[in-house]
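In the order they appear, the protein sequences are chains A and B.
Residue 0 is where the first sequence starts when you use numbering that gives the first Met the number 0, and the numbers rise one by one after that.
Residue 0 is where the second sequence starts when you use numbering that gives the first Met the number 0, and the numbers rise one by one after that.
Possibly wrong hints are sitting among the right ones.
[To be verified] So, partial list: chain A residues that the calculated Cβ filter (under 7 angstroms) puts toward chain B:
id	residue
1	S217
2	I220
3	L221
4	G222
5	M223
6	H232
7	P235
8	Q281
Just so you know, the hints here were simulated from the structure itself, not pulled from any lab data.
Every residue, glycine too, gets a C-beta built ideally from N, C-alpha and C.
What follows is the residue order along each chain.
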Amino acid sequence: MKSETADAHAAPLADVPAVDDPLRLADAPSEIAAALSAGAIGGAAGRLGRRLFGRRTAVVDRIAFGLVLLLVVVAVVGSFARPYDPFAVQTSSALLPPSSAHLLGTDDVGRDVLSRLLAGAGLTLLSAAAIVVLAAAVGIVVASVAALLPRRVDEIIMRACDIFMSIPSLVLALGLAAALGPSMLSIIVAMVAASWPSTARLTRGILRETMSSSYVESAGILGMSRVRLMLRHVLPNSLDAIYVQASMEISGTIVMISGLAFLGVGAPPPSPDWGSMIAEGQQYITTAWWISLFPGLAISVGAIAFGLVGDAVRSFVDPTARRSS
Amino acid sequence: MRDVLLRVEGLSKRFGSGRRAHQALDDVSFDLRQGEILGLVGESGSGKSTIIRCLVGLEKESSGSILYQGINPATASKGELHRYRRDLQMVFQDPYSSLDPRMTVRRIIEEPMLVMGGYSERERRDRIHELIQLVGLRREHLDRYPRDFSGGQRQRIAIVRALVVGPKVLLCDEPVSALDVSVQAQVLNLLKDMQRQLDLTVLFVSHDLAVVKYLCTRLVVLNRGRLVEKGDVPEIYENPRDSYTKALLEAVPVPDPAAERERRARRLALAVAP
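Okay, chain A solo, but in the shape it has when bound (with noise of 0.2 angstroms):
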């Protein structure tokens, strides 16, 4: 494996002329492809992989990765099976609090909750998963192009995104999903728009900084182009900072997500997700508590779960910074 890894990376290299001028673009996609295939990213991930579950990991560290697996587990399994068919509307059952046949009870309408619950799992997490790797994605692509570009347009970039972060995300995301009308791609759409300026600017910060260490200066005075530097070097060693920057957002994200939802900008009514349920039993509250009460438990351990395996995977990427408690 390491030595498939070592020829990618050599071979795309080596047919590439060696001198060059220094912004060469339209080399990019065959570095990006290079990149990619060189594993440098899968690599990073396949290692980080082994070290969350390796013997040294913390007994709070194992707890928080187990959640998140139970999680991920019950939203692949919940989308396949569950006790009841959560759209099923049955004004019989309706508002039954929870026992053996119904465990967490039925709503206003008579569906099932632990069937939405568990058929809103998969919806909740992927669209969280979706927005931070989306956001990343665009937040990394747009501060390497700032890093690579001069000072100038590098700090016209910066501010932009500044002017962007100023306004408040919840505003910024309810006012764009509110204008792309309500479905779950139009939450997505507008969380990505709403957090990736910060990831941008975090990410430019971070790539300043490698760009600026030796063994980056030791392959530019080579003469190597800072594109090429830039895949080569830069973003590899840049990823761990990444990562843990993204693992934080996922928790926020979920909350997030349901606060959208929850205000009535998500996917339409019948759709199972954890902040619309929310919505659902809100004026049954005081009689029916459970229509509320278990999608809010869950969007909670959600956050809580992601929360400290973001905080775990900062202290694998930077073990100085393992918290004291």
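Assemble chain B onto chain A, guided by the hints.
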């Protein structure tokens, strides 16, 4: 007198502008002659690293010129620049940050050949194996990562990386100042051996006058970006003409307690007198 290989003329470098500007280099000129080890000495902030950074193009000089065998990197054609970059290689100060932590030693050493081009896969492998043994490392070290090595070993790897494309000039930016004293001697001897075996010309930046005396044949002394003295090493050490050079030499500890005591007393008297 040996041929001049590299001529630095009137090199100046100014960082920033206006009132906050800092003159890092002020009209520095010297020659680097074929086959010599030239020491570039001064305290921190004297501009010695800036010279090397200008030479390899990490900084752009404000004025002045660099001429290497008829090539001025500022005006060179692509082909000339390629030759210039191949012929001048650099060893960095800190071996802990000069090797990419995500690359194996083999890939680190291979990279300059890939970037320079013109090496077949077999040539690359042979050169790597030849040089890695020349600096006292083993082949099985090639598939490990920089984190598996000590500072001294890392600096050996960095030296191999610099030598792998067959440079004529080796620019060393305080290559041993980040190392333990015991390891310093090994790396210095290695540099000396390499210089002899490969007929290299070395520009050696250091603040350590003992190291420079051991390694170098000629010396250039810098103070706050200005060249204050240059000449042969024995001559300058015996008979420094510039007061700054004298002060630098005075600061070198003498490995003889009686002599050191006497010298300290003299220095103290000197400090009190005026």
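Hint by hint, here is what the structure shows:
no., hint, result
1, S217, "holds (6 angstroms)"
2, I220, "holds (5 angstroms)"
3, L221, "holds (4 angstroms)"
4, G222, "holds (5 angstroms)"
5, M223, "holds (5 angstroms)"
6, H232, "holds (6 angstroms)"
7, P235, "holds (5 angstroms)"
8, Q281, "violated (51 angstroms)"
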